[in-house]
Amino acid sequence: MEHINPLHKAVTLTAYLETDNAPVRDAIAAVISSVQASANLSVQVVRDNRERISDATDHLDGVFTGSLNMSQSDEIREIALIAKELDAYFDHTVSRKAFPHLLRDFEERIAQLEARELELQQKEAQIEKIIHQRVADVEARVKEESTSSKWLFESALQKAEKVFDQNKITRFVCSTISRFQDEFERIRSGRDVEHVTRLFQQTIEPFQTTKMIADKNGKLTKVITNSFSEDCYQDLFLFFFKYYNELFDLYETNKGLPSTADELARIFRKKRKSAAQIIAQMHRHPQQQK
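Numbering (the UniProt record's numbering), first residue to last: 1 to 290.
No wet-lab data here; the hints were simulated from the structure.
Pairwise CB distance ranges, derived in the manner of DEER restraints: (1) N69 with Q36: 39 to 49 Å; (2) A88 with A10: 15 to 25 Å; (3) R269 with E185: 23 to 33 Å; (4) Q133 with D91: 44 to 54 Å; (5) K216 with R269: 50 to 60 Å; (6) A88 with R134: 52 to 62 Å.
Restricting the straight-line Cα-Cα distance to at most 30 Å, the calculated cross-link-like pairs of lysine-lysine (DSBU-like) are: (7) K242 with K159; (8) K150 with K168; (9) K168 with K222; (10) K168 with K211; (11) K150 with K162; (12) K97 with K84; (13) K159 with K211; (14) K162 with K222; (15) K242 with K168; (16) K162 with K242.
Here the structure is a predicted model, which is why all the values come from computation and not from measurement.
Just so it is clear, CB atoms sit at the ideal spot from N, CA and C, and this is done for glycine as well.
Sequences and hints are given; from them, build the entire structure.
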């Protein structure tokens, strides 16, 4: 098959014909050789019928000139267009009749591949849509949990310097839940921020450091000192107001106030910890108790 020459403008065939892979090169050469043989045979048939084709063309030339009164340039242009269409018809007809099953198989395979590609694109688009939706859901959930009262409570616990402070934070949260159960009907209609702020001060005061200081006249004054770090105190303050808003949302959604037990379960419900988190907590607690 070494005598096979590359075909004009046949980029794909030429690439395989010049490959170093001998089996592929020989297979391509065999296909080209068969097609060239058929083409040469067709050329020979056309040459044998050249006179008949030439006579028909001359007759058409005369018809155009005598019947349509065309100029020579228009006549040449029309015959050129007809020749081009006949060339296309000849190529198409020869290929279809010579390789009917081959071309049909290729067309069917191409149609199947196009359908498969479209199906894959649709599946990829659907998967991408699902991924985007899940990412959006996770982001929304993280955002919601990161600003919830439960998250603020857990954040305050992490910032507590000692286990003793963690216990005070836990008791403060329990007191908050209990106080809002008692005060809810009184604050439900007004939603007075100043009143809620006073409730916060009253709720957290038992967990602060209280001292009685005498002035120069001997009058005693109660002084409350913050026993939590600034970051921890800020989380507790935000927790109080966030819990206040959550309770209203639950009331409006459920058309009633949730029970104290339900609220304690909601705030104190623990997430399952990983082994790494448990080990880290075991190492952290001894340091806090010192």
